[in-house]
Amino acid sequence: MDLYLPIAEVSVNAPLLVALGAAVGFISGLFGIGGGFLMTPVLVFLGIPPTVAVASESNHVAASSVSSVIAYSRRRAVDFRMGAVLASGGVVGAIIGVEVFRFLLLLGQADLVVSVSYLLFLGAIGSLMLWESLGTVLRRRRGEMPKPRRDRRPMWLYALPLKVRFPRSRLYISIIPPIVLGLGVGILSAIMGIGGGFILVPAMIYILRMPAGVVVGTSLFQIIITTSLTSMLQAGRNQTVDIVLSTLLLIGGVLGAQLGARASARFRAEELRAILALIVLLVGLRMGLSLFINPDDPFVILSGAG
Amino acid sequence: MAEMPAVETPQAQVSAVLTQSEVKVTSGFRGVTISVYGAVFDPEGKPADVVVTLRGPDQPVRIARKVRIAGVWLNSRPVVFQGAPGYYHVSSSRTLNDLGRFAALRQLGLGIDHLAIAAPAERRTETRYGIRDMVVSSLGADYYDWRSAVVRLKAAGGLYAADERGVRFVDKGLFRADIQLPAGAPTGRYQAQIVLFQDGQPVSVRERVLTVEKAGAERALYLFAHERPWLYGLVSVIIALGAGWLASRLFRRS
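Chains R and X supply the protein sequences, listed in that same order. Start counting the first sequence at 545; every next residue gets the next number (my numbering). Start counting the second sequence at 25; every next residue gets the next number (my numbering).
Hint data in this document are derived by calculation from the structure and do not stem from the laboratory. Keep in mind that the hints are not guaranteed to be accurate.
[What the hints assert, rightly or not] Quick list of simulated restraints, FRET-style, between CB atoms:
(1) R:A807 / X:D187: 49 to 57 Å
(2) R:R830 / X:Q37: 41 to 49 Å
(3) R:L706 / X:G240: 52 to 60 Å
(4) R:R830 / X:D82: 49 to 57 Å
(5) X:W269 / R:L672: 31 to 39 Å
(6) R:L651 / X:Y61: 33 to 41 Å
(7) X:A140 / R:A807: 23 to 31 Å
(8) R:F836 / X:K70: 42 to 50 Å
(9) R:R830 / X:Q204: 53 to 61 Å
(10) X:G107 / R:A807: 38 to 46 Å
(11) X:A140 / R:L672: 51 to 59 Å
(12) R:L803 / X:E188: 31 to 39 Å
(13) X:D137 / R:D841: 30 to 38 Å
(14) X:D82 / R:A807: 17 to 25 Å
[Claimed, not checked] Covered stretches of chain R (in silico footprint by chain X; criterion: 3 or more residues with CB under 8 Å from a CB of chain X, positions within the stretch not fixed):
(15) 641-648
(16) 716-724
(17) 742-753
(18) 817-830
Owing to the predicted nature of the structure, the values given are computational and were not obtained by experimental measurement. Yeah, the Cβ is synthetic: ideal placement off N, Cα and C, and Gly gets one too.
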């Protein structure tokens with residue numbers, strides 16, 4: 545059953561999109577991520593203009609994140625105070641990101657910046673996660689004791705002013721690092737059409753040293769705020785949110801997210817992380833490949849108004 | 025030719041209709057075939073050729089060339105081509121170059137090669153080969169590459185097409201042409217031009233109008249998105265958040 549999308553102005557197969565939404569939603573629930581980094585490239589591959597894909601995808605990420613955050617907050621696994629501080633940076637980042645994206649579109653360099661960002665961020669984070677989680681898996685197989693976690697927090701985190709207590713994360717740190725982190729992720733979120741969970745989660749564990757239990761829920765909470773704002777801005781400034789497209793995706797997405805969240809209980813955390821790392825790495829490399837392989841056609845028509 | 029009979033010969037005429045003059049783009053739209061039917065009236069019965077073009081609303085094309093810098097493929101500065109139709113289809117009863125003179129085709133803008141696609145922002149005048157005020161594109165000698173790339177990429181999306189056997193004479197003086205309008209064709213006002221050629225010259229021209237517009241829910245959503253963009257954004261966010269909340273409620277109960 546084909547459906548004509550009013551904003552994207554292309555005809556797509558509706559059941560296929562719902563199924564895709566469900567598959568990405570499942571992955572999102574399983575790993576506690578938004579899944580935007582998977583969906584946006586797939587949408588572009590299906591022939592949806594990149595501008596519309598990026599904008600509509602942030603809507604879909606918001607939906608699956610709400611679905612999972614409610615489940616996490618019941619388990620008291622969301623640090624709302626930390627989430628709000630991250631989001632205050634994220635909001636500014638999203639506003640900057642949407643304007644940067646507009647500017648890049650005019651320059652004709654939007655797809656280049658998107659490809660480079662995917663290659664750099666997904667490639668780097670995927671490799672780090674894979675390295676770390678494979679190490680843990682191997683040590684477990686060999687029956688070695690897990691490496692004692694270095695609990696020494698970096699000193700600079702404590703030297704900064706504006707300290708705030710985060711009871712649920714058992715932290716007493718300056719709000720400057722979380723705000724800067726939120727800002728960076730907000731910008732990337734608008735440019736890459738992602739929630740940014742795969743950047744936030746490791747950063748919260750390794751830089752802010754938050755307890756692993758609250759990291760995923762908190763990151764999803766901040767993602768809801770940033771992606772909701774991104775959708776608003778993309779719709780208001782660029783008119784690129786396709787409500788039919790995002791609704792199709794989120795029907796499958798919210799259901800898949802619930803199933804994924806249930807399935808996640810059956811796997812070990814480090815095995816899940818290894819699989820996620822592999823997915824992140826592959827997507828990053830695939831997107832980056834377009835920078836190096838010879839193009840089919842030396843010319844490219846740029847989307848967005850001339 | 026000057027020794028023509030004194031009696032004025034009645035000129036050959038062409039007339040034609042489109043099977044539909046309105047295309048509604050609704051949720052099930054997957055493209056449509058427009059048929060043009062027409063007749064050639066010529067008391068002398070001279071051999072006749074017909075060219076049918078369908079031209080969509082103008083859509084400037086922004087195009088960039090991929091350039092390799094330090095092993096990485098980058099986009100060059102984009103160039104805007106004005107005057108490019110968003111859709112262009114030409115069908116003829118014979119190869120265009122066989123049935124019409126170059127000057128006539130160029131003047132009527134018939135055929136993809138004769139479309140007035142230009143990059144005016146890239147032009148400047150200068151003195152070259154001793155001739156003053158020559159219009160030179162700063163794209164230089166590559167200009168032809170750029171223009172043909174516009175045509176090639178549009179053709180790849182089914183938006184530009186030429187069918188050299190597209191006009192078929194089904195009976196004496198009666199012809200028919202089928203034109204495919206893909207789902208990606210832009211909305212707006214389309215001009216159909218039916219030209220009768222005899223002896224390489226255009227003898228008679230008919231014009232027909234086709235409108236392609238979004239209808240129903242598609243139109244309502246499109247207008248909503250463009251006229252009240254912020255409210256539209258708010259609604260889309262509420263749908264997303266509501267759906268997420270609803271799913272978690274449903275699954276909690278089950």
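Here is how each hint holds up against the structure:
1. The hint said 49 to 57 Å for the Cβ distance between R:A807 and X:D187, and at roughly 53 Å that hint holds.
2. The hinted window of 41 to 49 Å between R:R830 and X:Q37 is violated, with their beta carbons roughly 59 Å apart.
3. In this structure the supplied range 52 to 60 Å holds for R:L706 paired with X:G240, their Cβ-Cβ distance being about 54 Å.
4. For the pair R:R830 and X:D82, the supplied restraint of 49 to 57 Å is violated, since their beta-carbon distance comes to about 37 Å.
5. Taken as a hint, the range 31 to 39 Å holds for the pair X:W269 and R:L672, whose Cβ atoms sit roughly 34 Å apart.
6. At about 48 Å, the CB distance of R:L651 to X:Y61 disagrees with the hint of 33 to 41 Å.
7. Taking the beta carbon of each, X:A140 and R:A807 are about 59 Å apart, not inside 23 to 31 Å as hinted.
8. With their beta carbons about 60 Å apart, R:F836 and X:K70 fall outside the hinted range of 42 to 50 Å.
9. Our hint of 53 to 61 Å for R:R830 and X:Q204 is violated, since their Cβ atoms are close to 33 Å apart.
10. A hinted range of 38 to 46 Å is violated for the C-beta pair X:G107 and R:A807, which are about 56 Å apart.
11. A C-beta distance of roughly 55 Å is found between X:A140 and R:L672, which places it inside the suggested range of 51 to 59 Å.
12. One distance hint, 31 to 39 Å for the beta-carbon pair R:L803 and X:E188, is violated here, with the actual separation near 55 Å.
13. The hinted range of 30 to 38 Å is not satisfied by X:D137 and R:D841, whose Cβ atoms lie roughly 19 Å apart.
14. Separated by about 52 Å at the C-beta atoms, X:D82 and R:A807 break the suggested range of 17 to 25 Å.
15. Beta-carbon proximity to chain X at under 8 Å applies to 0 residues in the segment 641-648 of chain R; the threshold of 3 is not reached and the given coverage is violated.
16. Closer than 8 Å: that is the beta-carbon criterion, and the segment 716-724 of chain R has 0 residues meeting it against chain X, so the requirement of 3 is violated.
17. With 0 residues carrying a beta carbon less than 8 Å from a beta carbon of chain X, the segment 742-753 of chain R misses the three-residue requirement, and the given coverage is violated.
18. Note: the segment 817-830 of chain R has 0 residues with beta-carbon separation from chain X under 8 Å; the three-residue rule is not met and the coverage is violated.
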